[in-house]
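Turn these sequences into a full structure, and let the hints guide you.
For the record, the sequence lines run as chains L and P.
Start counting the first sequence at 14; every next residue gets the next number (the numbering used here).
Start counting the second sequence at 205; every next residue gets the next number (the numbering used here).
Everything labelled a hint here was simulated from the structure, so no lab data went into it.
Please note that a few of the clues may not be correct.
Said to hold, decoys possible - Facing chain L, a subset of chain P residues (Cβ under 8 Å, in silico):
1) 258
2) 260
3) 392
4) 395
5) 397
As the list claims (entries may be wrong) - Quick look at which bits of chain P chain L covers, simulated, 3 or more residues with Cβ under 8 Å:
6) 210 to 216
7) 399 to 412
Note that this is a predicted model, so its numbers are computed, not measured.
C-beta: ideal position from N, C-alpha, C; glycine also.
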Amino acid sequence: MTTKDADGSMAAMPLRRVSRVPDADTAPPELDDLLGRVARGDSPAFEQLYDRVANSVFGVVRRVLRDPSQSEEVTQEVLVEVWRTATRFDADRGSASSWIHTMAHRRAIDRVRASQASHDRDQRVAARDHTPPYDEVADAVETRLEQEQVRRCLQTLTDLQRESVTLAYYSGYTYREVAELLDAPLGTVKTRLRDGLIRLRDCLGVMA
Amino acid sequence: MTDHDLHTLTGAYATDALDDDERADFERHLESCASCQQEVVELRATASRLAIATSATAPAALRARVLAEASSTRQLSPLGEVASLDDHRAKQVSPPWYRQPATAAAAVLLVVAAGLGGLAVDQNREADQARERAEQIAAVAADPDREELTAAVSSGGTGTVVAAGDIAVFHGSDLPELPDGQTYQLWRVSGQDSQSAGILGRGGDVTEVVTGMGPEDSVALTVEPESGSDEPTSDPVFLVTMA
Chain L
14 MTTKDADGSM AAMPLRRVSR VPDADTAPPE LDDLLGRVAR GDSPAFEQLY
64 DRVANSVFGV VRRVLRDPSQ SEEVTQEVLV EVWRTATRFD ADRGSASSWI
114 HTMAHRRAID RVRASQASHD RDQRVAARDH TPPYDEVADA VETRLEQEQV
164 RRCLQTLTDL QRESVTLAYY SGYTYREVAE LLDAPLGTVK TRLRDGLIRL
214 RDCLGVMA
Chain P
205 MTDHDLHTLT GAYATDALDD DERADFERHL ESCASCQQEV VELRATASRL
255 AIATSATAPA ALRARVLAEA SSTRQLSPLG EVASLDDHRA KQVSPPWYRQ
305 PATAAAAVLL VVAAGLGGLA VDQNREADQA RERAEQIAAV AADPDREELT
355 AAVSSGGTGT VVAAGDIAVF HGSDLPELPD GQTYQLWRVS GQDSQSAGIL
405 GRGGDVTEVV TGMGPEDSVA LTVEPESGSD EPTSDPVFLV TMA
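Rendered as structure tokens:
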């Protein structure tokens, strides 16, 4: 039996972030634990880790780079680098997820800045969009929840905060380029990037 | 830029929106700014949520390629210090240094690497030599690309080699005391050729620098008559070969 309100509609269940509150017996291993096993040369753990992060790594790399084959190449580079340097991961300096995605984003940025001529980048401005697209395949429930939550939280930012954050992070521009694109003072963009992320952090409930 | 200006760059840093010069400036500032470090950790975690939110299905063929490449890629040995936030970025895959895999004796390496920089120098040496040796040890200990290996010395005790570039630092600990008239001696071995790298005394804890290491060279420890030998006269009790 489900409980019904007086008007007959079903009571909304509170949305619980199941993925963040795992049941110790049945939950898949936490990414941090997997990475710890990878650091000890555990290949099956690396396969599990691949399955957990390949889509998000590929997603962010492709978001920045656009070019699918380059994105595939960089994704491969990043994931092999995760394997190679897992021994250097320091849980005191952030989560495994943060470590891996920071690496992925940085690699994509390095690639785009090294290889793309400025006119290519201008074209990317034309093609830019500022929110995580829904059609980007969200096979896992966790990813869908994540997308919804991030989208909702991005909406709590001011326009300038949101544009600064998304142009910098998703489109890969330096904050100087962002200032130019938005025709805003450098100092303002610098500040908006910071307070925009801080607001996002608070909205998402990010814990370091 | 003032410290305050630098502090407000945490957002640009966390989104990789700084150019190379500003990044370098900010990272220098970061080393001495605990609150910035904390904020960077949090903002990077936030940015990684933006990454997850833009997930896309990775090409199916990628999985096998990544797993295959990983299986033929040697993992780095653990570092003897807290890795900087950017340690993992943009490092090219380097070839394996040693034929022997790094052991799990990382804990020993941490202590050795941490202690190397501040080693008391051998008082029997000339001051210049001692200073040069201390500098070499410090440089190797601080090299982010250094390789480390710890293994048992067959006659007792433990040997650790930390290498970077053409310099290898050997550290022996708890080497059993030899009878009067004998000494431990360290060698750089290139093919058939052995070059003495130092006479280390009768045991205990010892550290020595080996210079001129080539890609195929070995570091070897033997037991010799107390004045040392021109070439090894006994089988090594410890041997590490660079690959």
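The hints, checked one at a time:
1. 258: The hint holds - residue 258 (chain P) has a Cβ within 8 Å of chain L, the shortest such distance being about 5 Å.
2. 260: Interface hint status for residue 260 (chain P): holds (4 Å vs cutoff 8 Å).
3. 392: With Cβ-Cβ at 28 Å, over 8 Å, it is violated.
4. 395: Violated: closest Cβ of chain L sits about 30 Å from residue 395 (chain P), beyond 8 Å.
5. 397: Residue 397 (chain P) check fails; min Cβ-Cβ to chain L is 34 Å, beyond 8 Å.
6. 210 to 216: Since three or more residues must qualify, the claim that chain L covers the region 210 to 216 of chain P holds, with 5 doing so at under 8 Å.
7. 399 to 412: Violated, because only 0 residues of the region 399 to 412 of chain P bring their Cβ atoms closer than 8 Å to Cβ atoms of chain L.
In summary, the structure is inconsistent with hints 3, 4, 5 and 7 from the numbered list given earlier, while agreeing with the others.
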